[in-house]
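Asks: Listed below, chain by chain, are the residues.
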Amino acid sequence: MSHFEIKAYPEMWQSLDMDVERFDKARLMLGEAYEKTYLSQKNRPKSMAYFDNMIAELHGARIKELLEAKAEGRPVIGTFCVYIPEEIVLAAGGICVGLCGGSQGSVPDAEKILPRNICPMVKSAFGFKAGRICPYFQAVDFVYGETTCDAKKKTWEILDKMVPTYVMEIPQCKNPRDIVLWNEEVKDFKAKVEEVAGKSISESDLAAAIKIMNNKRQALQRLNGLRHHMPSPISGKDGLLIEQIAFYDEPVRFSQKVNELCDELVDRINQEVAVPAQNATRIMVAGTPMALPNWKIHNLVEGAGAVIVNEESCIGTRYFKDLIDESVSTMDEMLAALTDRYKEIDCSCFTPNDERISQVIKEYRDSGAQGIINYSLQFCHTYNIEEIRIREACEKEGIPYIFIESDYSLEDMGQLQTRIEAFLEQIGD
Amino acid sequence: MYIGVDLGSRTVKMAVWDGERLVDHQIAESGFEPHRQAEKMLAGFKAKTVVATGYGRHLAADYFADQAITEIKAHARGIFHYFQDCTTIVDVGGQDSKVIALNAKGKVSNFQMNDKCAAGTGRFLEIMATSLAYTLDEFGRAALATEQEVQINSMCTVFAESEVISMKNRGIPRAHIARAVHGSVVSRLIAMLSRVGYGETIAFSGGVANNPCMVEMLRSRLGEVIVVVPEVPDIIGALGAALYGAEK
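Line by line, the protein sequences give chains A and B.
The first sequence begins at 0 in numbering that gives the first Met the number 0 and counts up one residue at a time.
The second sequence begins at 0 in numbering that gives the first Met the number 0 and counts up one residue at a time.
No lab work stands behind these hints: they were computed from the structure.
Even for Gly, the Cβ is constructed at its ideal location relative to N, Cα and C.
Hints may contain errors.
What the hints assert, rightly or not - Incomplete in silico selection of chain A near chain B, CB under 10 Å:
id: 1; residue: 31
id: 2; residue: 414
id: 3; residue: 416
id: 4; residue: 417
id: 5; residue: 421
id: 6; residue: 422
id: 7; residue: 425
id: 8; residue: 428
Please model the entire structure based on the sequences and the hints provided.
Replies: Take a look at the structure:
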């Protein structure tokens, strides 16, 4: 069997001022991890081939596309947050990409500068830039930062010295005056994107971009709905992978490929083809995002014979559950409709955040899960504390529940495996 | 014979159940190859089923065991054998500590486990005993013999060790420090118990339940609650695994 490999583009990486030697080692390790985690799965849908290729070309073909766009003067903007109004970037002819931030490998680079006891995603992301080992970071015109957590908002000040970092203020409450501020921030962001693009965004540009993004979010909603079928026609690992790829792929092509996969899944359901065993325990994950290549929890859960059927997460339903109203046509109305959609995202950085508690329960019911794993990155105060309310809601509803706080390191794999297996035993008993 | 093997972080435990009673048990150091150690212990027994639990459960299943269950399930089953009315278990082993809540049928209804650090575990006590030049046996006895207690603030093994060193250098008698170390572990266990909630009787299992000071401090700090300790607390996981095999 030929080994899966993430393809190498040393000359292009050199031109991006990357640490090529080190990056090449990371590439081989990631390729191995992918083969072990993904290609060893049995009975995968054929349409996953496209997404496998997106991983093989993670540091190649997609980067080439970004550089071509840049050569045409189109802006390329990096982000770590689902609050970025992507529609505005698209409307200006630009590209929005999620940056690297899901791996332990870059954490030591960050810890040379940043405090150790902060969020692993922030450390990992910062380390990728500091170590020059993420081609996306090297290719962007600027980084979109926001104010959704203290670790991020103070890190932007340091990151800005290495790569231009634009900060959009996201309020902490959702009162009418906060929404006014939010709408102003959306307009400022539009001005910033227009400045980088060297063109102004027309109403028809924005309307077209809204349509593209709505289509993309609908494709992901469709996939999520199919995962809820019992038994699931696709593994949770593959579901998560597609949600991760959603952050860097070209949106029109991506939507088409997700829909093709969904067509195949519909056929599978009709032919009663399933990935997990008929009696596999169905688990829903809620909580903080799992950035590529963070497959830790999914690996453990599915390794123990269960299947994950839903991610209530930024890399998950929070990214695609809401659409923008397409019935309005003036620029102001469209920007207001856009703000309206983004304010529906129920990140734990908001207070109060009651919507999220009911959303978790709703997704649990919709997905036909038998238990919830609430996952929080270490030191993520808002998700860690909101855990209490999610737990209380689950106790009230009689939903089997476990909370896991973890980072990207592998030291706690033994303990996590025991806890996850014991949780599955508890559901089975 | 139905055999349960608990491949723990420090020791391998084996329990032999003949369908009616516990007929034999063994405890040995894990060594470098815990599954080999377990195989040695199994030699000479004719087992109908071998069920493995503990950290090495999957390794054991790869080599010789018929099935693997987690130590959480195994402890629940083992404790239910001795104390049917008990709905709360505190299990402190070498690498982790757990609080397990049981329903009336003895099934796991909730559990908490320490995270990846060694605080609140047998390993923590071992490191602290070493830094005070006690053997493990002396450590618990010395701590029990004194009433004097100073406070250790740090829960982290690394920081607690520095704290212990600075106490030694302030001239605080080592027995007092030993008691403080026990107190810090007990505080941690009580915090976990409070999170899960506990009943009128708490069963204390795992190797650390052999430490008389741990048992005494857990009893005195919990007040009204009855703390029960099985005769050989180390083998509860292995016994639970054996019983599980017998019921399958």
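Asks: Next item in the hint list is residue 414 of chain A. Is there a CB on chain B closer than 10 Å to its CB?
Replies: holds, 6 Å
Asks: Take the shortest C-beta to C-beta distance between residue 425 of chain A and chain B; is it under 10 Å?
Replies: Given a least distance of 5 Å, the restraint on residue 425 of chain A holds.
Asks: With a cut-off of 10 Å, does the beta carbon of residue 417 of chain A approach a beta carbon of chain B closely enough for the hint to hold?
Replies: holds, 5 Å
Asks: Quick check on residue 422 of chain A please, does its C-beta sit within 10 Å of some C-beta on chain B?
Replies: OK, holds: residue 422 of chain A within 10 Å of chain B, min 8 Å.
Asks: Close enough to count: is the Cβ of residue 428 of chain A nearer than 10 Å to one in chain B?
Replies: Constraint on residue 428 of chain A satisfied, holds at 5 Å.
Asks: Was the hint right that residue 416 of chain A lines chain B, CB cutoff 10 Å?
Replies: Holds, about 8 Å.
Asks: Please check whether residue 421 of chain A passes as an interface residue: C-beta within 10 Å of a C-beta belonging to chain B.
Replies: At about 4 Å, which falls below the 10 Å cut-off, the nearest Cβ of chain B leaves the hint on residue 421 of chain A intact, so it holds.
Asks: Going by Cβ atoms only, is residue 31 of chain A closer than 10 Å to chain B?
Replies: violated, 21 Å
Hint 1 from the earlier list is the only one contradicted by this structure; the remaining hints agree with it.
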